[in-house]
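Residue numbers (the working numbering), protein chains in the order written: chain A, 136 to 557; chain B, 12 to 234.
What the hints contain is simulated information worked out from the structure, not anything from laboratory work. We treat Cβ as the ideally placed atom computed from N, Cα and C, and that holds for glycine. Among the clues, some could well be false.
As the list claims (entries may be wrong) - Restraint-style ranges between C-beta atoms, simulated for each label pair:
(1) 535/A - 142/B: 51 to 57 Å
(2) 80/B - 429/A: 28 to 34 Å
(3) 311/A - 183/B: 33 to 39 Å
(4) 80/B - 551/A: 24 to 30 Å
Unchecked claim - Taking lysine-lysine pairs in the BS3-like style, the calculated list, with each CA pair at most 25 Å apart, reads:
(5) 319/A - 160/B
(6) 160/B - 103/B
(7) 305/A - 187/B
(8) 469/A - 83/B
(9) 142/B - 75/B
(10) 25/B - 465/A
(11) 25/B - 131/B
(12) 75/B - 131/B
(13) 162/B - 142/B
(14) 160/B - 146/B
(15) 162/B - 187/B
(16) 319/A - 146/B
(17) 75/B - 305/A
(18) 162/B - 25/B
(19) 315/A - 142/B
(20) 131/B - 315/A
(21) 83/B - 178/A
(22) 187/B - 25/B
(23) 146/B - 103/B
(24) 103/B - 131/B
(25) 178/A - 315/A
(26) 277/A - 315/A
(27) 305/A - 315/A
(28) 469/A - 176/B
(29) 83/B - 528/A
(30) 369/A - 315/A
(31) 209/B - 160/B
(32) 131/B - 142/B
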Amino acid sequence: MGEFFTEYQMILIGLAGVFGLLMAFGIGANDVANAMGTSVGAKALTVKQAIIIAMIFEFAGAFLAGGEVTSTIRKGIIDASSMVDTPELLVFGMMASLLAAGIWLIIASYFGWPVSTTHSIVGAIVGFAAVGIGMEVVQWGKVGSIVASWVVSPLLSGTMAFALFTSVQKLILNTDDPLKNARKYVPFYMFLAGFMIALVTLMKGLKHVGIDLSFGQSLLIAIGFGIVVLLVGKVFISRQKVEANDDKDFHYASVERVFAVLMIVTACGMAFAHGSNDVANAIGPLAAVVSVVESGGTIGAKSELPIWILLLGGGGIVIGLALFGAPVMKTIGKRITELTPSRGFAAELAAATTVVVASGTGIPVSTTHTLVGAVLGVGMARGIAALNLGVLKNIAVSWVVTLPAGAILSMMFFFMLKGIFL
Amino acid sequence: MNPILDLFAESPMKPMQTHMQKVEECVDILPAFLDAVFAQDWDEMMVMQKRTRALENEADELKKALRLNLPKGLFMPVSRIDLLNLLSSQDKIANKAKDIAGLITGRRMEFPESTQADLKAYLTRSIDAAKQAGKAIRQLDELLESGFKGKEVTIAEEMITELDKIENDVDVLQIKMRRQLFEIEDTLPAVDVIFFYKVIEWVGDLADLSQQVGSRLELLLAR
Chain A
136 MGEFFTEYQM ILIGLAGVFG LLMAFGIGAN DVANAMGTSV GAKALTVKQA
186 IIIAMIFEFA GAFLAGGEVT STIRKGIIDA SSMVDTPELL VFGMMASLLA
236 AGIWLIIASY FGWPVSTTHS IVGAIVGFAA VGIGMEVVQW GKVGSIVASW
286 VVSPLLSGTM AFALFTSVQK LILNTDDPLK NARKYVPFYM FLAGFMIALV
336 TLMKGLKHVG IDLSFGQSLL IAIGFGIVVL LVGKVFISRQ KVEANDDKDF
386 HYASVERVFA VLMIVTACGM AFAHGSNDVA NAIGPLAAVV SVVESGGTIG
436 AKSELPIWIL LLGGGGIVIG LALFGAPVMK TIGKRITELT PSRGFAAELA
486 AATTVVVASG TGIPVSTTHT LVGAVLGVGM ARGIAALNLG VLKNIAVSWV
536 VTLPAGAILS MMFFFMLKGI FL
Chain B
12 MNPILDLFAE SPMKPMQTHM QKVEECVDIL PAFLDAVFAQ DWDEMMVMQK
62 RTRALENEAD ELKKALRLNL PKGLFMPVSR IDLLNLLSSQ DKIANKAKDI
112 AGLITGRRME FPESTQADLK AYLTRSIDAA KQAGKAIRQL DELLESGFKG
162 KEVTIAEEMI TELDKIENDV DVLQIKMRRQ LFEIEDTLPA VDVIFFYKVI
212 EWVGDLADLS QQVGSRLELL LAR
């Protein structure tokens with residue numbers, strides 16, 4: 136087997152690399168727009184600003200905090216130790232999964248189904264493993280907890296968004312002087328956003344860039360980072376001038392402008408969270424292929440995730456976003472005009488927190504579905520004029536369809552690749 | 012197509028306000044219309060009556076568009092039924108205004124000079140009620156922003172209380188108006204008297220319907 140890998144090393148890694156890059160493109164072009172569109176819709180950011188923020192923070196999230204989920208996709212779903220004698224099957228399977236998920240996403244976007252990249256890739260990996268190799272190689276316990284997280288994450292973010300928005304009502308909107316209270320309390324929410332993202336990143340992510348911190352150190356640095364965000368936010372808020380005419384038609388116009396500053400912070404958090412979670416969908420399988428092929432067919436060698444793979448994933452997302460993200464974001468921004476910054480921030484902060492925590496624990500969740508849950512949470516607090524509950528049905532249907540579709544496609548490609556190479 | 016995009020439906024609050032604004036515009040024509048009636052300027056009367064009809068039509072169109080935009084399965088901070096009820100009470104005000112102008116124009120009604128000033132004052136107060144209802148509806152923006160809680164609800168409730176007060180005034184004026192007519196009704200042609208009573212009733216209805224908008228709004232808030 137060793138010869139096989141030396142002979143085809145370039146082709147295998149090259150192919151997997153191309154598939155992974157295409158997948159990252161797709162994520163950048165489509166998913167990022169979902170994650171950032173709410174900020175554009177709330178008029179906290181222009182499309183251009185949103186893209187610049189997304190490029191920086193998606194990349195940072197992918198690079199700094201993308202490792203855990205990548206490792207789950209790479210070796211958490213399949214029990215690789217049972218495939219020591221047939222490493223080539225793992226390689227073909229992972230390549231097939233990338234191809235399957237990518238093609239399924241293209242089909243789904245063509246027909247307009249709301250599918251999730253995460254669900255596609257997990258379905259694909261489980262599919263080739265269970266049918267192509269054997270039921271026993273799938274770590275069903277882990278898969279079960281991943282699937283459970285898909286229900287839990289929207290519920291969690293919804294609850295959090297409800298709580299956040301209720302606190303905003305109590306502390307700011309329903310008080311006698313909402314503007315004064317907004318200026319007073321909004322920086323605190325900024326602290327929360329900065330602190331949470333920094334903490335998860337520090338605790339889980341930074342080993343591969345050579346930083347290894349204890350929990351206490353992480354906590355301190357995260358608090359420090361939160362305070363920096365708070366102070367910068369305060370400066371921006373204090374620079375805002377209140378114009379007498381602003382509130383003539385709508386009493387809350389200047390209050391919303393304070394929240395718009397906050398929403399810039401949460402948009403950064405959202406992009407970071409998205410990068411940390413979704414990069415794995417593109418590079419997890421690639422990482423698995425590379426580790427097997429480069430070690431000449433040894434499975435389970437304790438290899439670290441090569442940094443170039445994270446760079447490739449992060450870079451792919453950024454390029455996809457830069458090339459194709461703008462029109463999608465423009466459409467979303469134009470249509471979501473009902474979301475004001477005081478709502479948008481609550482939804483984004485709740486979704487980003489949920490996703491980043493999931494990323495930290497290595498669980499691949501769907502950023503989009505988590506955000507949908509968060510928006511509904513704000514709606515529950517009577518915050519949004521009208522939401523379409525039909526979306527929930529669509530999401531449920533796409534769930535039921537995506538897992539088997541990804542699985543069947545990846546099985547097909549798996550047997551195809553096997554036929555070509557062996 | 013896209014779950015985030017599909018999630019957000021169009022807000023019904025702005026269209027509610029636009030509709031109410033049309034209703035107010037429609038009602039607002041009545042005082043000038045009445046002046047034309049008193050001056051027996053039939054051409055001017057016709058023009059104004061046509062304008063109320065046009066505005067009432069526009070309000071109807073807005074009402075239909077809004078209803079079509081409120082399918083079941085929408086998740087809103089207020090009950091859909093309450094909102095639709097509120098919309099239909101708003102619409103009834105414009106209908107009544109159109110009816111008043113239509114009746115007076117159709118019969119080329121003349122009002123005895125001794126009643127004119129009081130009739131005008133009575134109408135103006137009734138229109139105040141419609142305007143007060145409009146003011147409360149304009150508060151929907153702020154109510155939505157505050158999540159239908161707290162200070163904004165209190166403000167809206169105060170507006171509704173004020174509206175009730177205006178409606179009370181109108182009731183008093185209506186009684187006065189009727190008594191006045193009763194005293195001179197023998198001197199007028201019987202058919203004219205019947206329709207004069209009708210006009211008095213309908214002008215009062217303007218205020219009643221406006222008050223109904225207020226109560227529907229109150230129902231909307233109480234959840």
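Results of checking the hints against the structure:
1. 535/A - 142/B: 51 to 57 Å: holds (54 Å)
2. 80/B - 429/A: 28 to 34 Å: Cβ of residue 80/B to Cβ of residue 429/A: about 58 Å, so the range 28 to 34 Å is violated.
3. 311/A - 183/B: 33 to 39 Å: holds (36 Å)
4. 80/B - 551/A: 24 to 30 Å: Given about 49 Å between the Cβ atoms, the range is violated.
5. 319/A - 160/B: It holds: about 21 Å lies between the C-alpha atoms, which stays within 25 Å.
6. 160/B - 103/B: Given pair residue 160/B, residue 103/B is violated - Cα atoms ~28 Å apart, limit 25 Å.
7. 305/A - 187/B: Violated. Residue 305/A to residue 187/B sits at ~48 Å, over the 25 Å cutoff.
8. 469/A - 83/B: Roughly 24 Å separates the two Cα atoms, so the pair holds.
9. 142/B - 75/B: holds (22 Å)
10. 25/B - 465/A: Since the Cα atoms of residue 25/B and residue 465/A sit roughly 23 Å apart, the hinted pair holds (cutoff 25 Å).
11. 25/B - 131/B: violated (32 Å)
12. 75/B - 131/B: Judged against 25 Å, a Cα distance of about 33 Å means the pair is violated.
13. 162/B - 142/B: Judged against 25 Å, a Cα distance of about 22 Å means the pair holds.
14. 160/B - 146/B: holds (18 Å)
15. 162/B - 187/B: Violated. Residue 162/B to residue 187/B sits at ~38 Å, over the 25 Å cutoff.
16. 319/A - 146/B: violated (31 Å)
17. 75/B - 305/A: violated (37 Å)
18. 162/B - 25/B: holds (21 Å)
19. 315/A - 142/B: Violated, at about 32 Å.
20. 131/B - 315/A: violated (46 Å)
21. 83/B - 178/A: With a Cα-Cα distance of about 29 Å, the restraint between residue 83/B and residue 178/A is violated, given a limit of 25 Å.
22. 187/B - 25/B: violated (39 Å)
23. 146/B - 103/B: Within the cut-off at roughly 17 Å; holds.
24. 103/B - 131/B: holds (21 Å)
25. 178/A - 315/A: holds (22 Å)
26. 277/A - 315/A: Status violated; Cα separation ~49 Å.
27. 305/A - 315/A: holds (14 Å)
28. 469/A - 176/B: violated (43 Å)
29. 83/B - 528/A: The given pair, whose Cα atoms are some 14 Å apart, holds under the 25 Å limit.
30. 369/A - 315/A: holds (13 Å)
31. 209/B - 160/B: violated (41 Å)
32. 131/B - 142/B: Roughly 16 Å separates the two Cα atoms, so the pair holds.
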